[in-house]
Amino acid sequence: MSTESNIIELINVSYEVTWIAWGVQYFFLIALSYGAFLLTMPYFVFGKVQFEKMARLALLVAITCGIAAPIALISDLHQPARFYNFYLYFTPGSWMSWGAFFLPIYVALLMVYAWLIYRPAMLQQAKDQTSLVARLSTWLAFGGVYAPGAIKKIGLLTLVAATLVALYTGAEVAIVAARPLWHTPIMPLLFVVTGVSGAAGLSLILNSLLAGNNLMVNQQLSNVLVNSFGLTLLLLFIWYINGVTGFTSSGMVLQRLVTEYSPTSFTLLWLVFFTITPLLLAVFKSQSTAWVVGLLTVAGAWLFRWSMFIDGQRIPKTGAGFYNYSLPLGSEGLLGILSTLGLWVFLLLLITHFLPWQGEKQNSAV
Amino acid sequence: MGDEQHRWAMVVDLRKCIGCQACTVACTMENVVPPGKFRTIVSSYEIQLEGETRNMVLPRLCNHCENPPCIPVCPVQATYQRNDGIVLVDNERCVGCSYCVQACPYDARFINPKTNTADKCTFCVHRVEAGLLPACVETCVGGARIFGDLKNPQSEVTKLISKHSTRGLRPEMKTRPQVYYIGLDDRISGKVEGTASLWNLQAAMGKENKS
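Protein chains in written order, with the numbering used here: chain F, 746 to 1111; chain X, -10 to 200.
Same shape as in the complex, but just chain F (with noise of 0.2 Å):
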């Protein structure tokens, strides 16, 4: 198309990504937050004990990123420090203004979840120790019962917050119509389903890493990625299908960006190797490849956010070509992404170390 055009632009101005690896990071982490508590209730919330290693490990997935998210989104603000501004004028029009809310509600009922879930395994794991940590733990346990009852309606108002952060993030991006990529009401949908295959991947790794590479968690993660994935691809087809027909402005800069704009980036290297190739080896629920699945599904979580975001605010409104973005190597890029991974693996060694994540134990000493 635009190599046939007869139109040279001389001067111009090439304009920079604002939306930046920060904001990356919290649509990717904010995602596995979610999707990995929606893997967290068949067991929790409904009680069907073949999914407590599943739940488990997945319960893990959702505080770790449930608690970095939300220091990413601060981070990709150009003022940072402004914004309790959030809070001090809130704009019932726009959806970001309203994530201001639903966000924390979200973490914090979260976190009273996974409080209720660890809190009788908390006071077991006090009992004979003195330690601070035992103190502190018997003190936070706060009697430690067992509330299933509680769970489960903490539960549903999580799964109600979350649905909400959901809706919100997939929203605020969708109704920008200048970036006709984005504007799409696809665009949320894949958010979901590509959260909840990293949160299901992010679980693998784990299981793999912490809990011995359990075969039956294993098996049940594979099914929730056949599923995501399938829908993934479903829903990539009606967009793709919307561009080529012409059908819808979105779906036709989809087309350009992986034919003509960016073709040899991660649009496609995504849908190969970080879609099909974990689809495929899903559903040969290989035990010993679990791991592999995991991390490239993962990948594929980020890459996705990564080309839809940063590729997508290459693609001019007004301009002609693609700009040019090159990772910078500070705060603003790879230190960014670098130190959100670190603060997630400083998150999981803290809970995993402090917190007793695989519940009580059975055959405690008696």
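Since the hints were derived computationally from the structure, they do not count as laboratory data. Misleading hints may appear alongside valid ones.
Unchecked claim - Here are the simulated lysine-lysine pairs, DSSO-like style, with alpha carbons at most 27 Å apart:
1. Lys798(F) / Lys898(F)
2. Lys1062(F) / Lys163(X)
3. Lys5(X) / Lys1062(F)
4. Lys897(F) / Lys798(F)
5. Lys1030(F) / Lys793(F)
6. Lys798(F) / Lys163(X)
7. Lys798(F) / Lys1030(F)
8. Lys140(X) / Lys1062(F)
9. Lys180(X) / Lys163(X)
10. Lys1062(F) / Lys26(X)
11. Lys5(X) / Lys26(X)
12. Lys163(X) / Lys140(X)
As the list claims (entries may be wrong) - Okay, the calculated beta carbon distance ranges per label pair:
13. Asn80(X) / Leu901(F): 38 to 44 Å
14. Arg156(X) / Phe828(F): 51 to 57 Å
15. Phe835(F) / Glu(-7)(X): 48 to 54 Å
16. Lys180(X) / Val989(F): 18 to 24 Å
17. Arg156(X) / Thr990(F): 25 to 31 Å
18. Thr1097(F) / Lys180(X): 18 to 24 Å
19. Ile7(X) / Pro825(F): 42 to 48 Å
20. Leu1013(F) / Asn56(X): 35 to 41 Å
Virtual Cβ for every residue (Gly too), placed ideally from N, Cα, C.
We have chain F; now place chain X onto it with these hints.
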């Protein structure tokens, strides 16, 4: 803020624009716009018309839309429209989330690296309030930029708009832009399809945007 008696607007007579960028320079000096950022710029194109190669220019600036998409998205109401139509940013409230930058279909907004907040053309509101013309209008060599009050039937902008067939950029966005162009060619009124300027390459090589 702003007087409801007025509705400030601009007419850009492309027949008179010579693409000299005097407006770009005047704006930058007047508003202390950081290097590499622009509140206004004259996009220039080389374009083939009926076998003839010609230059085309398009001064771009904030359109101070009647239905500005940048305002409803702002989560802290830092960007707002005055009663006289001028769209402004309160850069002491702005959190720098860039949502308005994404929402503007005209690329009129950017994040100012000095203030870390959203920045854009203000129609030189500080000059207008003092009874002066915006810097770009004042300096325009060919008299291509005409500024005035649409609510005044005697103003030059009102007369020009009634006399000529004027058009705004990207009408499909339904933003009702209040910068009216005389002689605007379809091929440059929306997203321009063509060979991109070398500016892109220089920016990637780190030769621009460094102050």
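A quick look at each hint next to the structure:
1. Lys798(F) / Lys898(F): holds (21 Å)
2. Lys1062(F) / Lys163(X): holds (15 Å)
3. Lys5(X) / Lys1062(F): holds (26 Å)
4. Lys897(F) / Lys798(F): Roughly 17 Å separates the two Cα atoms, so the pair holds.
5. Lys1030(F) / Lys793(F): Holds, because 22 Å separates the two Cα atoms, which is no more than 27 Å.
6. Lys798(F) / Lys163(X): With Cα atoms ~53 Å apart, Lys798(F) and Lys163(X) exceed 27 Å; violated.
7. Lys798(F) / Lys1030(F): holds (18 Å)
8. Lys140(X) / Lys1062(F): Judged against 27 Å, a Cα distance of about 31 Å means the pair is violated.
9. Lys180(X) / Lys163(X): Cα-Cα ~15 Å, so holds.
10. Lys1062(F) / Lys26(X): holds (16 Å)
11. Lys5(X) / Lys26(X): Distance ~25 Å between Lys5(X) and Lys26(X) Cα, so the pair holds.
12. Lys163(X) / Lys140(X): holds (21 Å)
13. Asn80(X) / Leu901(F): 38 to 44 Å: Because 43 Å falls inside the window, the suggested range holds.
14. Arg156(X) / Phe828(F): 51 to 57 Å: violated (41 Å)
15. Phe835(F) / Glu(-7)(X): 48 to 54 Å: violated (27 Å)
16. Lys180(X) / Val989(F): 18 to 24 Å: holds (19 Å)
17. Arg156(X) / Thr990(F): 25 to 31 Å: About 30 Å separates the Cβ atoms of Arg156(X) and Thr990(F), which means 25 to 31 Å holds.
18. Thr1097(F) / Lys180(X): 18 to 24 Å: violated (50 Å)
19. Ile7(X) / Pro825(F): 42 to 48 Å: holds (44 Å)
20. Leu1013(F) / Asn56(X): 35 to 41 Å: With a Cβ separation near 38 Å, Leu1013(F) and Asn56(X) satisfy 35 to 41 Å, so the hint holds.
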